[in-house]
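Line order of the protein sequences matches chains R and P. For reference, each letter of the first sequence is one residue, going 15 to 547 in my numbering. For reference, each letter of the second sequence is one residue, going 15 to 547 in my numbering.
Just so you know, the hints here were simulated from the structure itself, not pulled from any lab data. Careful: at least some of the hints might be erroneous.
Pairs involving identical chains hold if they fit within one copy or between any two copies, as the list cannot separate such chains.
[Claimed, not checked] Listed next, the in silico DSS-like pairs over lysine-lysine satisfying Cα-Cα at most 27 angstroms (straight line):
id: 1; residue 1: Lys25; residue 2: Lys402
id: 2; residue 1: Lys61; residue 2: Lys153
id: 3; residue 1: Lys130; residue 2: Lys153
id: 4; residue 1: Lys153; residue 2: Lys182
id: 5; residue 1: Lys474; residue 2: Lys257
id: 6; residue 1: Lys175; residue 2: Lys130
id: 7; residue 1: Lys175; residue 2: Lys377
id: 8; residue 1: Lys280; residue 2: Lys153
id: 9; residue 1: Lys130; residue 2: Lys204
id: 10; residue 1: Lys78; residue 2: Lys402
id: 11; residue 1: Lys175; residue 2: Lys326
id: 12; residue 1: Lys474; residue 2: Lys443
id: 13; residue 1: Lys130; residue 2: Lys446
id: 14; residue 1: Lys34; residue 2: Lys474
In case you want the letters, here they are:
2 protein chains.
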Amino acid sequence: MASKKTNINTKFAEKAEALKPELHERIVHPLSVIEFVPDQTAFFKCKAIETHTIQDLPSLSFGKDDQIILDFGSHHVGYLSFHVGVDAVDVDAPTRLRLTFGEIPYDVTEDLHPSKAGISTSWLPDEIINVDWLPTDVKMPRRYAFRYLKIEVLDTSQRYKVRFQNVKVRAVSAILPAVKVEALITTDKKLNELDRISQATLRDCAQTVFEDGPRRDRRLWLGDLRLQALTNYCTFKDFRLAKRCLYLFAALPREDESLPACLFEKPKLSAASDYIVDYDALFGPTVYDYALASGDLETARELWTTVLGSMKMPMSHLDKNGKFDSRATEAWKFLDWSEGLDTNAGMHGLVLYCCKKVNKLAKLIGEEPPYLDIVERMTGATSSFYNKTLRVFVSGPERQVSWISQAWMALSGAVDSHISLEAIRTAMKDSKALKPLTPYAYHHVAEALARCGGEADCLKLMRDYWGGMARAGADTFWECFDAEDSRRSPYGDCHNNSYCHAWSCTPSYLLRVVLNEYFKVEAHNWTRLTDQK
Amino acid sequence: MASKKTNINTKFAEKAEALKPELHERIVHPLSVIEFVPDQTAFFKCKAIETHTIQDLPSLSFGKDDQIILDFGSHHVGYLSFHVGVDAVDVDAPTRLRLTFGEIPYDVTEDLHPSKAGISTSWLPDEIINVDWLPTDVKMPRRYAFRYLKIEVLDTSQRYKVRFQNVKVRAVSAILPAVKVEALITTDKKLNELDRISQATLRDCAQTVFEDGPRRDRRLWLGDLRLQALTNYCTFKDFRLAKRCLYLFAALPREDESLPACLFEKPKLSAASDYIVDYDALFGPTVYDYALASGDLETARELWTTVLGSMKMPMSHLDKNGKFDSRATEAWKFLDWSEGLDTNAGMHGLVLYCCKKVNKLAKLIGEEPPYLDIVERMTGATSSFYNKTLRVFVSGPERQVSWISQAWMALSGAVDSHISLEAIRTAMKDSKALKPLTPYAYHHVAEALARCGGEADCLKLMRDYWGGMARAGADTFWECFDAEDSRRSPYGDCHNNSYCHAWSCTPSYLLRVVLNEYFKVEAHNWTRLTDQK
């Protein structure tokens with residue numbers, strides 16, 4: 015893929031730089047020494063059992079081919095350090111260790127190499143280190159995202175064994191460890207657990223940018239940013255970090271004014287060559303969400319021209335009737351990783367959604383809403399995607415029925431809520447309909463349900479999907495989840511998956527914002543029922 | 015092996031610490047990009063061919079599974095750094111590299127793992143590193159000893175390749191790079207080459223102590239120290255470093271006043287549990303050599319008590335007739351790694367040699383020579399090792415004939431030179447006689463030959479043995495050499511051998527000191543012959 019030229023907007027880059035957070039640190043210690051034993055009832059077919067208490071660890075000695083797994087209790091992002099002590103006649107050689115940082119049990123129960131992944135195996139979370147002059151402290155210079163640490167002693171010598179002492183992680187996040195987040199309205203334990211895991215996910219992704227995944231690929235993606243920012247506004251309320259991320263994108267317009275799908279902070283700010291039409295279009299809504307949540311209209315005004323630029327490429331896909339045509343350019347339309355997805359209907363809904371949000375943003379900052387006519391035309395063209403017999407939206411020449419097409423049509427508000435809700439429900443009941451693969455797409459289905467009066471359906475989906483991850487033992491929500499296949503991966507090898515992934519952190523947003531009224535009414539009804547007793 | 019208690023002599027340790035050198039640095043760059051191709055005529059069955067000039071290197075790009083070998087032209091000890099550049103659409107993943115530091119071709123032409131070595135495989139000279147945020151500089155924190163650097167690109171990503179730029183080594187040694195060493199008397203090219211390789215070996219082993227090998231095991235051994243010091247006095251003349259090493263041993267007497275065979279500088283000064291009777295005995299001669307070479311009698315006086323202590327354990331092996339009996343204690347008598355060596359005769363010669371040197375040391379510093387009687391008795395007992403029929407010294411109940419027994423008997427000066435010379439020559443001609451394995455033992459054979467009037471024999475042995483290493487391509491002399499077997503190793507795997515090893519650096523000493531008179535006479539004769547023309 016050839017990259018379009020980017021002209022860096024220095025003023026915006028400087029604004030972003032000035033907003034770069036000092037990361038907050040917490041020191042985290044392992045909680046126990048474990049091993050995994052087979053358990054066919056568990057999602058990962060194994061369960062952890064404690065082999066030693068953590069108090070025992072400093073006195074345990076390990077020689078060649080020994081290994082140990084430490085459980086840090088939950089997912090953390092940070093810098094590992096430990097002391098290598100010795101049980102020695104002589105320390106007459108270096109020690110060679112392999113450290114493997116596991117987000118899930120498979121990372122530490124299986125060999126990572128050779129890998130079947132189609133993407134870079136440099137992401138695999140293992141390191142081999144040679145340590146001279148024991149006893150000594152070891153400070154790993156790289157940042158890792160993990161819950162489990164496996165240490166394999168590749169060799170010591172015949173004259174000494176090693177001990178692992180003062181093992182700790184300097185965990186980092188842009189979010190203050192002590193940040194206070196309001197309690198959920200609902201006291202439902204399972205929903206509170208989803209909220210807690212969402213927050214942990216968001217916290218671990220919130221670094222000097224909102225990363226997509228702190229293990230892989232540690233980058234700011236526009237689509238992920240939008241969902242992280244929404245979740246952030248109703249939890250941690252770190253407006254500065256959201257603002258910084260907006261300026262980072264605004265600093266990197268391509269020559270046609272479109273925005274890159276993602277960007278690199280290091281070694282210097284630069285746009286990735288990836289371009290995604292839907293992500294480009296979602297920049298406007300992301301600015302709108304920010305302005306609405308923060309009240310910072312000044313930033314929205316400053317980014318207004320960028321917003322208009324970001325709509326150009328998406329709009330170029332509209333035919334004269336205002337119908338989105340994915341074939342208009344070869345540019346990537348994403349929506350989800352589900353295989354064979356036809357994006358015409360979903361993109362139509364998404365672009366219409368974005369036009370409406372940008373119109374709202376215009377009003378908010380005193381600009382003329384630029385897309386009133388287009389919204390009208392696109393709304394009119396929506397009917398051409400609707401199959402009255404099947405009562406769902408269909409997409410492309412094969413008239414594909416997918417959950418995500420329904421979701422974005424619903425979110426666009428092009429048709430009455432009850433029609434949208436019926437369409438989503440119909441697709442979800444149709445075993446032949448294309449299901450989403452990523453939490454990113456599941457989010458849009460869940461939000462669409464709730465926005466159309468299907469709050470109970472939304473909750474059921476959340477309990478099934480994010481709840482499924484929670485039941486599988488997730489400490490943070492994953493990049494990809496298939497309840498039937500614990501090895502599901504978009505990359506050919508689940509060891510390359512990210513198990514703390516930004517775009518899956520939205521249950522907090524769904525529970526706190528999208529379902530807010532629903533819970534209020536529910537709570538009110540409950541109070542009334544109680545009063546009547 | 016249980017370690018005897020060591021009581022650290024703080025005063026001596028402080029003296030040693032004060033003598034710790036600041037290492038001198040040289041920046042060394044690779045000279046060419048090579049690969050090894052089969053060559054059945056070469057010792058290592060391969061030869062290097064240049065695939066790219068070093069000027070081409072910065073522009074070469076390497077992706078997954080590519081590799082490169084850089085040739086630094088000769089052996090160096092130091093710290094590697096390089097810049098990882100990119101040839102990229104996007105640098106969207108870390109890069110994972112395996113670096114292998116080769117002293118000999120096999121290190122970089124073969125897989126090091128799995129290893130068949132019986133000693134710690136943590137010594138194997140390879141590292142796997144993961145590098146974030148390219149382009150970037152990489153500074154390897156550990157010290158390596160090598161000539162060849164193999165870089166294997168384990169992975170980049172599909173979107174970028176890496177380039178290696180500004181590759182360099184900060185080579186370190188206690189010896190000044192610009193140190194002037196007198197020319198040899200002889201202009202023989204081959205002998206001058208041996209002298210040059212000896213100096214390179216000594217330079218690379220001379221760090222904050224005289225290490226046995228800068229690759230493995232980076233420690234100060236007493237027996238190696240003696241030979242390094244002797245070579246040092248006639249080349250670099252770094253008396254401070256020799257003095258420091260003497261004080262380090264003197265700082266670590268064991269409870270019976272014996273000295274450890276080796277010691278660790280880091281992480282703090284401590285004795286290894288290794289004890290070798292012959293190394294203990296050789297401390298006195300090492301002090302004597304130092305005092306004689308440096309003129310620093312003050313140090314010799316201060317170490318006198320330590321010298322006397324170091325003789326106790328060796329002397330405890332003498333029977334009432336003054337005959338050394340290896341069975342008297344279970345302590346390790348080394349002399350050489352040759353398999354099945356009976357040490358009785360060799361140790362008898364060695365201890366007698368040491369007693370005489372200590373008597374000389376006493377005279378030098380105004381003390382009473384302590385071993386006059388013992389020398390007399392031991393000299394008398396020497397005949398019991400001599401087999402008049404075979405005209406060689408035999409050792410132990412099996413009446414073993416070995417080169418090294420003859421060598422130490424000769425060096426002891428117990429019998430007339432011509433008898434000693436005959437004994438060595440006889441053993442060397444006897445195919446059943448046990449040959450040495452290590453350059454350490456070959457040195458003592460070579461020196462013994464020269465000291466007994468067999469200078470030409472000595473030179474022949476040097477040309478055969480050290481010359482054999484030179485012909486095999488040695489940049490520095492090796493821990494172990496067998497002209498018939500390029501994989502010979504005391505450890506079961508030659509990848510664990512050290513190919514820059516202190517105890518093989520003595521050709522310079524042999525050429526400059528032991529053979530000095532011989533060359534002078536030769537030069538004189540040559541001049542006379544020329545004059546007569």
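Verification of the supplied hints:
1. Taking the shortest alpha-carbon separations for Lys25 and Lys402, neither the intra-copy value of 51 angstroms nor the inter-copy value of 98 angstroms comes in at or below 27 angstroms.
2. In the homo-oligomer, the alpha carbons of Lys61 and Lys153 never lie at most 27 angstroms apart, since the shortest distance is 30 angstroms inside one protomer and 41 angstroms across protomers.
3. Proximity of Lys130 to Lys153 under the C-alpha cut-off of 27 angstroms is found in neither arrangement, the shortest distances being 30 angstroms within a copy and 31 angstroms between copies.
4. Both within a single protomer and between protomers do Lys153 and Lys182 lie at most 27 angstroms apart by alpha-carbon distance, with minima of 10 angstroms and 25 angstroms respectively.
5. With identical chains, the CA atoms of Lys474 and Lys257 are never at most 27 angstroms apart, being 33 angstroms at best within one copy and 80 angstroms at best between copies.
6. Only between protomers do Lys175 and Lys130 lie at most 27 angstroms apart by alpha-carbon distance; the minimum there is 20 angstroms, versus 34 angstroms within a single protomer.
7. For the homomeric pair Lys175 and Lys377, neither the shortest alpha-carbon distance inside one copy (70 angstroms) nor that between copies (48 angstroms) is at most 27 angstroms.
8. In this assembly of identical chains, the alpha carbons of Lys280 and Lys153 lie at most 27 angstroms apart whether taken from the same copy (22 angstroms) or from different copies (18 angstroms).
9. Taking the closest pair of Cα atoms, Lys130 and Lys204 never come within 27 angstroms of each other, the shortest separation being 35 angstroms inside a single copy and 55 angstroms across copies.
10. Taking the shortest alpha-carbon separations for Lys78 and Lys402, neither the intra-copy value of 69 angstroms nor the inter-copy value of 52 angstroms comes in at or below 27 angstroms.
11. Neither within a single protomer nor between protomers do Lys175 and Lys326 lie at most 27 angstroms apart by alpha-carbon distance, with minima of 64 angstroms and 33 angstroms respectively.
12. In this assembly of identical chains, Lys474 and Lys443 lie within 27 angstroms of each other by CA distance solely inside one copy; the values are 14 angstroms within and 93 angstroms between copies.
13. Proximity of Lys130 and Lys446 under a CA criterion of 27 angstroms is satisfied in neither setting, with 29 angstroms inside one chain copy and 57 angstroms between copies.
14. Taking the closest pair of Cα atoms, Lys34 and Lys474 never come within 27 angstroms of each other, the shortest separation being 39 angstroms inside a single copy and 72 angstroms across copies.
Violation of the numbered hints given earlier is confined to hints 1, 2, 3, 5, 7, 9, 10, 11, 13 and 14; the remaining hints are satisfied by the structure.
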